[in-house]
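Asker: Given next are the chains, with one letter for each unit.
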Amino acid sequence: MDGQRLVSMDTLLALNKGLKEMEHGAPVASSLVPLAGQLREFEMPRPIFTSSERNEWAAGIYNNRHTELQMQTDLSKLLKGGATPAQLEEARGQLTSFLRDTLVGMNYAYYEPPGSQLLRTNPLFVRSHDFSGDTVAGVEDLWHAPQLFGQGTPAGGGVHLVGSLADLPYVLSEAEQDFITPENVQALIWRESVPGLLTDAILPRWWHVSRTELHAVALYQRAGEELLTKAASDADLRGKVVSILSERMVPDRLASVDDDLQQGNARDAITWMTPADTLYLTEEFRRRFPQETSVWGPTGQELDGLLRQNPSELNWERISRDFGVPHRILADSYGQQLLNMQPFPAFAGYSSRLMAESWDSNNLYWARLLDEKGISPLELNLLVPELTRRMVEKIFATDFEDWTALLRAMREAGDEFREGKFAGVSATASAMPPQPIH
Amino acid sequence: MSKFPIVSGCILASFVLGFGVQTATTQESEPDIQVFVNMVQLNVAVTDNKGNYITHLRPEDFEIREDGIVEKLATFEEGDEPTRRLFESNGRSSDPAVAPRSKTPELPDSASASELSSLVAGSNVFILFDTSNYMYRGFVFAQDSISDFVRSLERADKVAFYSYSRDLSRAASLTDDRMRVLQGVRSTVAGDDAALYNSLLLTVKEAAQYQGRKVIVVFSNGPDNASVVPPEDVAELAQSTGIVIYMISTREAQLDPVSTAVFQRMTAATGGKVYFAKNWREEKQAFASIRDDLARLYSLSYYPRPNSNRGWREISVKVVGEKGKKYRIRTRNGYRPLPMRFTSGTSAGISVPRSQNGSE
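Here the protein sequences line up with chains A and B, keeping their order.
Counted from 1, the first sequence has number 339 at position 339 by the working numbering; the numbering is strictly sequential.
Heads up: take any position in the second sequence, counting from 1, add 1000, and you land on the working numbering.
Worth double-checking, as some hints may not be accurate.
Pairs of lysine-lysine residues, derived as DSS-like cross-links and limited to a Cα-Cα distance of at most 25 Å, are as follows [stated by the list, open to error]: (1) A:K17 <-> A:K80; (2) A:K20 <-> A:K77; (3) B:K1284 <-> A:K394; (4) A:K17 <-> A:K77; (5) B:K1284 <-> B:K1158; (6) A:K421 <-> B:K1284.
Below, a sample of chain A positions facing chain B; criterion: calculated Cβ distance under 10 Å [claimed, not checked]: (7) E43; (8) G82; (9) N122; (10) T181.
Keep in mind that the hints were calculated from the coordinates and are not lab data.
Backbone N, C-alpha and C fix where the C-beta goes; we use that ideal spot for every residue, glycine too.
I would like the entire structure built from these sequences, with the hints used as guidance.
Answerer: Rendered as structure tokens:
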């Protein structure tokens, strides 16, 4: 949080403790003086506009009264001695606004999107967070989901958020999305998909995911591809596979898969499949046709064995929770889950979040890559945001229905990762040799 | 001293700041502190009151102060001349014109003359071209002007060409291959919202990673309707990383008072210049003026004396003597020591104990 230049929690707690002790008669601790000095270290950015210019050009946007009041806080006189208990208590109260900023800043930092710049550059961004909408006109509901104010207003001092922290990951992603530089010109579906993809990468955490679970997620996907390969030479199986896939693939794509399978071209059929498709195919086939074990190849059999050995660790609900994504609009929840549904095309406005929310594939695919490379699942916490960022750079859609651009971008990012061309990976991940899973 | 005519009449002094970072521990019980040891590099052009460049000044003609503290020059260069190292690591002057001053932070032994030269010689020119909806008119003429500018730059200079609308597009990364840059210019297409300050921020951060003189030349029609960062953040970062910003815009941009104010003040703050061109001929003249600026800069550098100020540090430069009073200096007026992520790690670094640095 260097960019925000916030006062540390240690400093605030130590000041609070010291002032409280002084209230009870303790002498002034010498250590408090430099700590109090830290409250005054913050300097506003060097102004380009005068106050009157801001009033004229950014009326209703620029408002840093909170920060300006903070900068007037000076505890040094109190620490020279002679302060009354009431003055000391008031001084402790003045720490509250600093504490607020530090706590809010921690939330921002926790959900920092990959490639973020605003958070690291504009020191007023966190300080300007306005929970109650005091700083802008026209906000009637208090503590609503946060909104971004001030975009495209150069005299406004930068954007700030107005509202609660409830939708923070998405709004931060929305604010930071344009700092990711596309390899081509910006994709038509950028604004519809990118904030959602970034949110899916920064909200989940994988600290408790085991190697076994990571491997199972990879096996699910590979087993689905195995099933498709066999379906290319088995008409009966093809019918079952297509029936299952019809529940989550749009008709034209499903027709392409069916055509490829009929022609015995499993490889092409697989290129149409998203990781969520193959995962779903495996899970649903196992559920509907539990007796048809002969259709499974080595991968399917390995998965079957793994699931039998670890029924509690590898149940569907857990995998869905660990590798699913939030569906704030579709499910009215930030809970993570895999929603088996057809992808939504991109629309403008309200429904723009639907496209990304119906794309459940990224984290599944990144998990598969890490499993292939023998990388610890803990690294998901570092790599998923970076891989997602790289994927976003590669999105290049040719029309608003070209959601397969996401699939192409994801695979290209994955190929770079496999080939070791992705600098972000080598810098963060430590590859380990694959270990037996029991 | 000789004089060269220029389009605008002022004296240019721009500063390039390089950082070296080392950690100094004063006592075992104290946590390490990171001290940003700055080799502040200055690109200084001097003009008289008619706008003529003043050349052939000597190191001792300049006086530099940081927060009022007189600083000692470490290197000096004029135009394309080789960089002169002005004092050795033991504090002895290698130039009889410059007498050693007492208690100066030592140049690290690792900083050879050639390395010092590489820090300041040549220019890395980043061109940022507006391809937003505001640029439909005159787009092709602007491309032509930029192409001419690229061709006209000195051989020692490297050029990058970026364009922006809502996003930044890196059409040609920093290179000495002029053809690659020209292809990048021709590949641009116009459309979408304008996020000038977002894109300029990214360009500043990228330019800051390189050694040597760094300048950004922005060609923009003005309005910004999509940025999330304010121009003051960009200007401050450019100042703190020693990047000079030039801006060329059209007369239409002057209809937007916000853009006019930002362009004038941001360029002035970084030691650059702004041009509002009426037509494509004036655009070409503006680019030619920038090229002249680049060719006549004095490059100076110094290691700041102990200074406890961790916030904004004011810098002033003047030419000493009676004649110097008539000269004008265009320069950035200071910098803010930066967090470690902005440091290049290539500049000479010095270990400075807490006490020596004057901090706490």
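Asker: Evaluate each hint against the coordinates.
Answerer: Hint by hint, here is what the structure shows:
| no. | hint | result |
| --- | --- | --- |
| 1 | A:K17 <-> A:K80 | holds, 17 Å |
| 2 | A:K20 <-> A:K77 | holds, 16 Å |
| 3 | B:K1284 <-> A:K394 | violated, 35 Å |
| 4 | A:K17 <-> A:K77 | holds, 17 Å |
| 5 | B:K1284 <-> B:K1158 | holds, 20 Å |
| 6 | A:K421 <-> B:K1284 | violated, 41 Å |
| 7 | E43 | holds, 5 Å |
| 8 | G82 | violated, 25 Å |
| 9 | N122 | holds, 5 Å |
| 10 | T181 | holds, 5 Å |
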